[in-house]
Every structure is written in structure tokens, then in C-alpha cells.
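S.K.: Below are the chains, spelled out letter by letter.
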Amino acid sequence: MALVLIVALPLAGWLVNGLAGGRLPRPLVSVIGCGTVAASFVASAMAARHLAVPSDALTATLFTWIAAGDFTVSAGLLMDRLSALMALVVTGVGFLIHVYSIGYMADDSAYSRYFAYLNLFVGSMLLLVLGGNLLVLFVGWELVGLCSYLLIGFWFDRERAANSGRKAFVVNRIGDAGFLLGILLLATTAGTLQFDRLAGAAGAMAPGLLTAATLLLFMGATGKSAQLPLYVWLPDAMEGPTPVSALIHAATMVTAGVYMIARLHPLFLRAEFTLSVVAAVGAATAFFAATVALVEWDLKRVLAYSTISQLGYMFLAMGVLAMPAGIFHLTMHAFFKALLFLAAGSVMHATQGVVDMRRLGGLAGPLRWTALGFAIGALALAGIPPFAGFFSKDLILEHAYAAAQHGGSLALWLAGLLTAYVTAVYITRAAVLTFFPPAGQRDHPHEAPASMGWPMAILALLSFGGGWVGAHTAGAPLLRVLDRFFAIEPAAETVPGAPLTAISVAAGVFGIITGLLLYRRRREVSLGALGAFLARQWYVEALYDAAIVMPAKRLARFAADVVETRGIDGAVNGIAGLVGQAGVAMRRVQTGYVRNYAAAILAGTILMLGYWLLR
Amino acid sequence: MTVPISAYLALSALLFVLGITGVLLRRNALVVFMSIELMLNAVNLTFVAFARQLLAIEGQLAVFFVVLVAAVEVVVGLAIIIAIFRARDTVDIDDVDLLRG
Numbered sequence: 001m002a003l004v005l006i007v008a009l010p011l012a013g014w015l016v017n018g019l020a021g022g023r024l025p026r027p028l029v030s031v032i033g034c035g036t037v038a039a040s041f042v043a044s045a046m047a048a049r050h051l052a053v054p055s056d057a058l059t060a061t062l063f064t065w066i067a068a069g070d071f072t073v074s075a076g077l078l079m080d081r082l083s084a085l086m087a088l089v090v091t092g093v094g095f096l097i098h099v100y101s102i103g104y105m106a107d108d109s110a111y112s113r114y115f116a117y118l119n120l121f122v123g124s125m126l127l128l129v130l131g132g133n134l135l136v137l138f139v140g141w142e143l144v145g146l147c148s149y150l151l152i153g154f155w156f157d158r159e160r161a162a163n164s165g166r167k168a169f170v171v172n173r174i175g176d177a178g179f180l181l182g183i184l185l186l187a188t189t190a191g192t193l194q195f196d197r198l199a200g201a202a203g204a205m206a207p208g209l210l211t212a213a214t215l216l217l218f219m220g221a222t223g224k225s226a227q228l229p230l231y232v233w234l235p236d237a238m239e240g241p242t243p244v245s246a247l248i249h250a251a252t253m254v255t256a257g258v259y260m261i262a263r264l265h266p267l268f269l270r271a272e273f274t275l276s277v278v279a280a281v282g283a284a285t286a287f288f289a290a291t292v293a294l295v296e297w298d299l300k301r302v303l304a305y306s307t308i309s310q311l312g313y314m315f316l317a318m319g320v321l322a323m324p325a326g327i328f329h330l331t332m333h334a335f336f337k338a339l340l341f342l343a344a345g346s347v348m349h350a351t352q353g354v355v356d357m358r359r360l361g362g363l364a365g366p367l368r369w370t371a372l373g374f375a376i377g378a379l380a381l382a383g384i385p386p387f388a389g390f391f392s393k394d395l396i397l398e399h400a401y402a403a404a405q406h407g408g409s410l411a412l413w414l415a416g417l418l419t420a421y422v423t424a425v426y427i428t429r430a431a432v433l434t435f436f437p438p439a440g441q442r443d444h445p446h447e448a449p450a451s452m453g454w455p456m457a458i459l460a461l462l463s464f465g466g467g468w469v470g471a472h473t474a475g476a477p478l479l480r481v482l483d484r485f486f487a488i489e490p491a492a493e494t495v496p497g498a499p500l501t502a503i504s505v506a507a508g509v510f511g512i513i514t515g516l517l518l519y520r521r522r523r524e525v526s527l528g529a530l531g532a533f534l535a536r537q538w539y540v541e542a543l544y545d546a547a548i549v550m551p552a553k554r555l556a557r558f559a560a561d562v563v564e565t566r567g568i569d570g571a572v573n574g575i576a577g578l579v580g581q582a583g584v585a586m587r588r589v590q591t592g593y594v595r596n597y598a599a600a601i602l603a604g605t606i607l608m609l610g611y612w613l614l615r
Numbered sequence: 001m002t003v004p005i006s007a008y009l010a011l012s013a014l015l016f017v018l019g020i021t022g023v024l025l026r027r028n029a030l031v032v033f034m035s036i037e038l039m040l041n042a043v044n045l046t047f048v049a050f051a052r053q054l055l056a057i058e059g060q061l062a063v064f065f066v067v068l069v070a071a072v073e074v075v076v077g078l079a080i081i082i083a084i085f086r087a088r089d090t091v092d093i094d095d096v097d098l099l100r101g
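Going line by line, the protein sequences match chains B and S.
Position 438 of the first sequence, counted from 1, bears residue number 438 in our numbering, the numbering being contiguous throughout.
Position 51 of the second sequence, counted from 1, bears residue number 51 in our numbering, the numbering being contiguous throughout.
Treat the hints as calculated values from the structure; they're not laboratory data.
This one's a predicted model, so the numbers in the text were calculated from it and none came from an experiment.
Each hint should be verified, as a subset may be incorrect.
[Unchecked claim] Covered stretches of chain S (chain B as the covering partner; in silico rule of three or more C-beta atoms under 8 Å from a C-beta of chain B):
hint : region
1    : 19-26
2    : 91-97
[Claimed, not checked] Over 12 Å on every C-beta distance to chain S, these chain B residues come out as not near it, computed from the model:
hint : residue
3    : V31
4    : A68
5    : R197
6    : M348
7    : D569
No residue lacks a Cβ here, since even glycine has one placed at the ideal position from N, Cα and C.
With these hints in hand, go ahead and build the complete structure from the sequences.
M.R.: So this is what it looks like as C-alpha cells:
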């Protein structure tokens, strides 16, 4: 029952705010919006307390959804340690961002619509992480995609926002097509979509089929989690309100792909080829996105590329069998990336919406607390000990190195290390350009109201100290829980931990020093041809334009001008013309003279008589 | 002396053809109308002739029906012709070609 409540509470908030929110006073809308998520968080925490043993799981079955012969799917929920952690992150970070939104969206005319969408998103995301089978997960998966579309295009009167929403929807559809095919392949071959039974059924599946199914599922993950080659929607998703970017496009929804792989780890563990693809795509995306973030001028888009890059780390972790480390990084990333986005939102709030870093600057003075929050988030992102990101990123790199020792490629570890360095450079650049003097503009920026400050303070605390739950020196309580859940023995023991840690910390520190030196006093550094190459996102968008968008437009034009106007309209008009011509020819028969009709009757009678006589 | 059936049929056919000719060629609506009556009565003659030849009553019954229907038809037909005459001051059917396509 508690499980149903976790999902139902935010959905109830969505219904109330969506249907009646326009007529309710704003404080009540805020209370409903934030209160339902807070209640959901409490319910999740209460339910999670029952999971004392790693194999424990709470289940709730609402009804039998599909029953076709031997194949049944029930609308069921499942909470084990993995989904409990996810639910806590979603509702916890979600609640903080709801509270932040009260201040951030205070002047918006569509206040209740915003909170309705936000609640719908939290409910959908909880359905995704608590779904007891792949089909329920898929429903949540699609619903969060819908919410993403609705919230990116929240200010739909801006053309760019509306277009970005559509782009996100279309790109996600491409991945989801693969995801759905993967689900169907599993349904037909494994005969079940229930998570607890899939683990057993996977052992009986042919390796080829399993590889195909997992690859298709991973295709869905590349769409939802913005990996190469389907990452293109996430940078444009920054057209939405900033808290949405923090909640959906950094902390929660985009991690759905990582969660899905963790959830289906019994399948992925048996498909080695898929795992190597996951690791390669993750590492490539991490490096690629980090380099693009290096030359981006839009503060939010820097953070967006940073998110893509960090998600790449998580997939890299999944690919090298470091699932606990991946989930650990997912949680830490939710903290510090939400913090960075909220700080960026606070900057925008103070400057009436300026996100171009060339026009910002000198904000460390007037926005002291925001700057402090951003700095903590940046240090966590750069992987500087003892901030949250250090522990998780270091763990992933250790596992990547260990995988190389066990026959994997060292390139994964090198890409991860290089990315760590670039990450430190770009986030330092963003911090310097935004907060360091000289000031970029004249009017007086003001610090955010308390409702925006407190969520940032809590997230800053979590970004600062949250990493200890996964620190080996502190006993790593989170990792021990997850290790046993995934039933993987920690492989990191076989690698020289201390030197590796030193190398990855050095990468972060050198990155920050490089950033400070390069961009001191907010200089504009020209990277020459390389910079242009990066600014065009390695020409990926240009390639898509040339290879997909332009041919699609030409095809549409062909369909509109040739097929539609000449083919279909031609056929319709042709038939109409033919009937008209026939009418013109046939009207001569209708003379209007009675005798002609009588003669026709006579002729007909004679013909019929002749027929009967001669037959 | 008995008149052979062929004579009746020949007369009937002659009357029928006369009627057809009248319908097809005459322009006066009243004459066309009378020609139609001629055709009906040609058919009546055939019925009566066969009824006597075959000693069957049904032929004579059919004649009653035809006479009855002809009477009704006259009522309706003449009414139409009068209506046309009132509207157009003519009973020339070649002037009445409203249904020309």
C-alpha cells in the first residue's frame, strides 16, 4: 500500500494543481506541489526501512494488466534497495527543487501549470523506478519523456522553446523505438517481463538474442540519457525553466537509462558484447561532451554538456561491471549537478535571465552564497577530495582500470582520466567567467530569496559531505549495500588504489589550475581551429543536418509537392474531371422531349422481346 | 362463321402500331394521349381474343383492370395537360422540355 502511495501522491498533486490550480491561491498551489513530493519522500523512506536484508523487496500488484495465454503482465510495483535509493533521490532532490521553484517561478503567470507538470514528472519518474516489470517501467519512461517535452516547451510562446521541446520528443522517440523492440523481443523469447523472473529467464536465452535485446534496450537508454549518438536534444532542453533543467535534465530523468541497465543487470551481465558497447559509448560520450563544454558560452549549456559527460561516466561504470559505482555516481551527480543548475538559476534570477557568460562576471560579490554553492558544486564535479564527486568518479576510474587489467581496453580508463581533466578545466572556466571580476553588467544583482537559498544550502551540504557514504575509509555503507544487491565481488582490490586515486585527483587539480591560468581576469581564450571544431560540436549536428534532417526535409518537400499535389490530388481531381466529362457527354441523351423517352422505351422493349424470342 | 384468332391479333397489332406511331410522331399532347388509349385498347383486344380462344376468364379480368387503370390515367393525365396549358398557353409537347440536360 505504501508503494502505491509513493507514486500516487505526486500524481494527486498533479490532478489538483492541473485541474483547479488556476483558481487556487498561489501559496496553496505551492503547498500542494511541494507537500505531495515531501509526503512521497517520507513514504519512500518509511518503506525503505523494511529493506533490512539485500534480497528484501516490497511488491504491490494493482491488477492484471495483460493476460494472453501463458504471457501475463500485471500492473505491479517493486521496491528493492536499488529502486528505494532511486526513489529517495527522485523525491528528495525533487522536493528541494520544488521548494526552489516557489521563488524562481514566483513571477510566472502559469504558476500552477508549472507545478502540475513538475508533480506529474515526479509521479512518472517514481512509476519508472518502482515499476515491477518492464512494461510498467516503459509507461513511466514514456511519461517522463512527455513531461520533459511539456517542461522544455513550458514557455511555448518562444519559438526556440517550442522547437526544442519537439526536438527532445522526436529524438527520444528514436531511442524509444529501439527500447520497445527490446521489450517485445524479451517478451517473445523470455516469456516474461517481470524483473524477478527475467533474471532466471535470461540464463535460458540464446546469447545472440540476449545481445540483440540488450543492445535495443541500450538504444533506448542512449535516447533518454542523452548519449552518443542521440545526445542532441539535451543541450537544447535548456530552453525550459532552470529548476526543470536541474530536476529533469540533470538529476533524475536522464539517469533513467543508467537505472534501467542496473535494473536489468542479470541480462546485461550475460551479454558481454553489449557491455563493451555500453562502456565504449559511455567513455566516448564523456570525453566528447566535456570538450564541447569547454567552448560553450551559454552557462546552462555548459552544465548540459557536463551532464551528458557525467552520464557517460555512469555508462562507462555500467559497461565495466562497476554497477554500484555507477549508481553511486548517479546519486552524487544528482546532488552536485542539481546544485550547479540551481546556482545558475540563481544567477539568472539576479540578472533577469542572462545566461551568456560573456555578459556575466563579477557576481561573486553580490551573489556571495550562490557563488559559494556554485564553487562547491564545481569542486564536486571536478572530483576534488573530499567533495562528493571525487569518491564516485575515482571509484569508476578504478574499475575502468581494473577492467583493463582483466583483458579490457586501457583506452576506457584513459578517456575517463582525460575527461576528468577537461571537466575540471571547463567548470573552472564557467566559474571564472560568471563570478570573477570585472563585472559584466551595470545594474545591481541581488541575492535569491530564502526559498531558493535553502534548497541550494542543503544540496551544497550533500555535495560537500555526501560522498562519504561511498568512501572506503568510512566503510562505504552505500557501496556495501549495492555490492551485495548486484552480487558482484568488488574488483577494485586488485588494482593499486592509492596511485590511481592520486592520478585522478591530480587530473582534477591540474584541470582547475589550467582553467584559472587560461581564463584569469575573464580573458577570452582562442583555441583556434580546434575551438571552432569544438564549438560546432565536432560537426555532429552538422552531420545530422546533412545526413538526416536535410534528406528528411527534401523527402517531405517531395511528398508535399509531387506525391500530394500531383499524385493524390491529381488522382482525386482526375476522377472528378472524368465524371464531369462523362456527364457532359451523357447529358445529350436527356433531350427533355417525351417522344425520345418513349422511343427509348420502345427500343428497349423490342430488344428484350428479341432476346426472349431468339434465346 | 367464326373469326379466326389471327384476325383479332392482326387487328390488335395494327392498332398498337398506330398508337405507337401517334405517340412518337404527333406534337399535340391530347393526340398523344389518345394514341396511348389506342395502344391500351389494342392490348385489351388481344386479351379478349385469347380469353375466348382458351375459354379462360382471366383474360377478361385483365381487361377490366386495364380499363380501370386507363380511366384513372386519363384523370391524372388530363389534369397535367390542363396545368401545362394554363402555365404556358400551349399543349405542344415539343415546347415542354424542362428536363433537357
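S.K.: Regarding the assertion that A68 of chain B does not contact chain S, is the least Cβ-Cβ distance greater than 12 Å?
M.R.: holds, 60 Å
S.K.: So is R197 of chain B really clear of chain S, every C-beta pair being over 12 Å apart?
M.R.: Since the minimum Cβ distance to chain S is about 75 Å, R197 of chain B lies beyond 12 Å and the statement holds.
S.K.: Non-interface claim for V31 of chain B: all C-beta distances to chain S beyond 12 Å?
M.R.: Per Cβ check, V31 of chain B is outside 12 Å of chain S; nearest 77 Å; holds.
S.K.: Are there three or more residues in the region 19-26 of chain S whose C-beta lies closer than 8 Å to some C-beta of chain B?
M.R.: holds (count 4)
S.K.: Is the nearest Cβ of chain S still more than 12 Å from the Cβ of D569 of chain B?
M.R.: For D569 of chain B, whose nearest Cβ neighbour in chain S is about 29 Å away, the distance exceeds 12 Å, so it holds.
S.K.: Taking 12 Å as the cut and beta carbons as the points, is M348 of chain B off the interface with chain S?
M.R.: Check passes; 75 Å lies beyond 12 Å.
S.K.: Between the region 91-97 of chain S and chain B, see if three or more residues pass the 8 Å beta-carbon test, and mark the coverage as holds or violated.
M.R.: Per the Cβ count (4), the hint holds.
The structure agrees with every numbered hint stated previously.
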